[in-house]
Amino acid sequence: MAEIRLEGVAHSYDGGKTYALNPITMTWKDGKAYALLGPSGCGKTTLLNIISGLLKPSEGKVFIDGKDVTDVVTDDRNIAQVFQFPVLYDTMTVRKNLEFPLKNRKVPRAKVAERVNEIAALLGIEKDLDRKPSKLRSDLQQIVSLGRGLVREDVSAILFDEPLTVIDQNFKWTLRNRLKRLHLATGVTVVYVTHDQTEALTFADEVLVMDQGSLVQAGTSESLFLEPQHEFVGYFIGSPGMNFLDVEASSSVLTHNGKPIGKAAKAGLNGSHRFGVRPEFLVPSKSGLEFKIDRIEDRGVFKLVHLSKDDFKFIAKTEESYDAKVGAKANFSFDAKRAFVYDMNKKAVSTVSPSSAGGN
Amino acid sequence: MVLKDISLSQDSEEIIYDLSATFKSGINLLIGPTTAGKTTLMRIIAGLVKPTTGTVTLDGVDITKIPVQQRSVSFVYQQFINYPSLSVFDNIASPLLAAKKKPAKEVVAARVEEMAKLLGLSPFLKRKPSELSGGQQQRVAIARALARPADIVLLDEPLANLDYKLREQLRAELQSIFSDEKSIVIYSTAEPSEALEFATDTFVMDQGRLIQTGKALDIYQAPKTVAAAVAMADPPINLLASTVDGKTANFGPESFKFSRPELSDSAKAITLGIQPGKITLEAASSKSVAIKCQVQLAEVTGSSTFVHVKLESGEQVVIEVEGTQNFALDKKLTAYFNPADLYGFEPTSGKAIFAPISGGK
Amino acid sequence: MDGKKKNNRAWFLVLPVVFVVAFTAIIPLMAVANYSLQDIQGASNRLFVGLDFFKRVATDPNIQDAFTRNLTLSAQILLIQIPLGIFLARLMPRSGWKASAALVVVAIPLIIPWNVVGTTWRIFTRSDIGLGGVLVNQFFDYNLSEDTTDAWGTILVMDTWHWTPLVTLLVYAGLRSIPQAYYQAAAIDGASRMAVFRFVELPKLRRVLMIAILLRFMDSFMMYTEPFVVTGGGPGSSTQTLSILLTTIAIGQFDLGVAGAFSLMYFLFIQIFSFIFFTVLTLDERPGATKVTPKEKKAAKLEQQAEKASSKLKKVQK
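Protein chains in written order, with the working numbering: chain W, 1 to 360; chain V, 1 to 361; chain E, 1 to 318.
Treat the hints with care, since some could be wrong.
Said to hold, decoys possible - Listed below are the simulated DSSO-like cross-link pairs for lysine-lysine, each with C-alpha atoms no more than 27 Å apart in a straight line: (1) K337/W x K303/W; (2) K103/W x K204/E; (3) K55/E x K56/W; (4) K172/W x K310/V; (5) K303/W x K101/V; (6) K98/E x K17/W; (7) K172/W x K259/W; (8) K215/V x K292/W; (9) K117/V x K313/W; (10) K310/V x K127/W; (11) K303/W x K224/V; (12) K313/W x K292/W.
No lab work stands behind these hints: they were computed from the structure. If you're wondering where the values come from, they're calculated on a predicted model, not measured in any experiment.
Please model the complete structure; the sequences and the hints are all you need to start from.
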């Protein structure tokens, strides 16, 4: 079980001209599940490969359990990795696949058998032990790949690189639950890379949102959802993402084209900013801003109401029972703790409360 | 376009059985699990594969025997396929230049620029596809498919290989692009949320058969079979075995008053279904049935939490609750649901017996 | 998708190839068959002898000797060249300019005309003026025109020099196509270099190796030019391959009937052997290749459907 610490780790594939990963310093605690979430090209796979030792960072140091492992090769780092597609030894049965890492480390035979059976029971694949892995379904193949990582008792961390990529849609959900249960059962530190927010948010204790090589915000799923400190987090997390609007601040009063939107909690705010509120927190109310309803999408469990006002559009996520006519006017307001104003660096500056003068 | 009695057998294995469907212009959604046969059906419609039996008619004309090169078809694949050695401009122009009568250079350029603008590719016209990101490459493939107006546009899970935020964006774009199209657009997906988002004529496939057609929401609320319910639900629908006798039913160990006009008085086994979002942790009304359960796992997405619980009789159920709530493992809970929200299916055939009563609270 | 020519027109493009193949292969083959079944002494002097010539070929001790000899030669060639080719392929750099340079160097023996290969080695191995011949003679008694072992060994070495690059290039291509993730996983599993070779590389190289073995077998069993130029089949008949013997019978002795039958049997042997070889090795890669009868298949399918139905119920129990 391990604590992973990164100090100023950065990486450039072309000798410093562009950085795939900007300097990052952080500590990952023992036994917790972390997710690296971000769009393609944000640097999450680069970071994962640096931790696993498959890539040496062009700058910075990596420490596992206090030991400097920056120059240590992969098989001495006591980590296991599960890749985007199941990586299995085709010529061996599932059992032999699971025995392989232990045999390579000269673990005594009796212990090997004991450990393999233990892990097989944990993963629920006892009956498949003597089959060839190529005959298994893709999600079970990934479980066997994972098993090879878990079977070693000296594994400090398990790294997942978008492991559900080739899994059939029908089994993605169940495999994800299983991975989470396995994490809870084994207590290993886990780092999970993905571009799917549901995977990241449901699996991890802490999610690190990355964009263009930098860490944008790290926090629990709750804090990322309720308090996005960066516009990107507001945009990337949540389906659909946050509603944004350019506003002018004058003594903390926010206006758009002269019309009041709200008041920032921080005093003395002036200049160009952006207002953001999630569709989930735009609620029908008697006061608030008046919108015109352009379209209502019924998604079964909830409804998405497309609103427009003047020159901008917002989307509100409502209960399934929300009933309104397209084209009608409706008032929506927001909770003061759930709306934010962002500066020109996309960083959150303050929360926003609705204008008391029920604007129009 | 009408498909009548289409079937396909390969190597003495039936892949598509007895399929008949009518597709109208605009977006038609094809949904089903990965092995349902969606891609095979699309290839039959495109003319890449000849059906063993059946006919394909377009506007009254039988096109079954016409080879693909002579059909007016465009195809967009999952793996963003473009000509790697041509620039984006040439890629989009390629179907226009491949026609028998090549249009004038200016006409081609105008059309390419129109498509590029529509899909946000104008700044990339001189680049090669390998220099673009995945989302941009897929846009090029779509532009290429639309450059020459075709009667049938087929999109085979076109967004599956893109990250989810990009998918959201492109879905919205695709809807607006295809809203004016007079062509018949067939879009296949394995994700129910896409079907509900497009909210258009939906065709559900399962194991080579067309099992239900209709508007996405209608299928979601009234699936004809278990397979249709499963195909349209995300998160997956909870299914439990139950015994009913016209007056009561059981949900796990709990018996409750339950009657529906479709059920007879004799006792029989059925499968009950309920959406995770319809189970709550507070009694919503006097009609709610209480279920004792134990927390196995809680998954938080921020906007909601999925709680996996185990009933006293051992079945596992998923509950979706709003917002972020923390649940300790093995904590005992009482969950509630309204019997009006239940689906009922025959246990062996999977046929629907009854569906939730809408507006029933 | 658009603009392909109609099916019919494409056939015309194939016609030239049909003519060429007809002239150089099919018609001559028919002529050979003709000669093998009839004793033709002149244009008007022909006698149908049925399978006489075939029987003669099958019972001729010279031909039988050459057959065994050739088989031994092929076996030895395979045993040397396949492992050597794999070994060399693993040594080659995987990327960068060094990889291109290595590819060029490795490919050089392959692009030399076979006649030239033979002549080069003939001079190279002469014990009086050949660089190799003289060098080896410092340590051993080496004379390939007198000693049968020396001649055999020389053929082997020459063929290895000439053809191992083919195996190397095929295996190299195969190795390049193995995804990095497999090597990474093996590193994480703590696998030794040997284990990586055995469990990651070899299994993935299966297809490529099959092609390499098949090609090398066919070529070595038909070997003509190189041994002919270097040793002429001698000393005696110690390096006389089947094709050299065949040429002697056909052109040297002008025994066309025997030669015709010999040719056909030779041709058929290679065809059948290759077919069996390939079929056996790809047996488990065919779709539905297990020995399951249609009935069993149906039963399995029904079982699968029943399992699917009950798994839908049990879905939440995972």
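Going down the list of hints, with the structure as the test:
1. K337/W x K303/W: It holds: about 23 Å lies between the C-alpha atoms, which stays within 27 Å.
2. K103/W x K204/E: With Cα atoms ~22 Å apart, K103/W and K204/E stay inside 27 Å; holds.
3. K55/E x K56/W: violated (71 Å)
4. K172/W x K310/V: Within the cut-off at roughly 21 Å; holds.
5. K303/W x K101/V: violated (49 Å)
6. K98/E x K17/W: holds (25 Å)
7. K172/W x K259/W: Violated, because 46 Å separates the two Cα atoms, which is more than 27 Å.
8. K215/V x K292/W: Within the cut-off at roughly 26 Å; holds.
9. K117/V x K313/W: holds (22 Å)
10. K310/V x K127/W: holds (24 Å)
11. K303/W x K224/V: Distance of about 23 Å is within 27 Å: holds.
12. K313/W x K292/W: holds (9 Å)
Taken one by one, the earlier hints fail for this structure at numbers 3, 5, 7, listed in ascending order.
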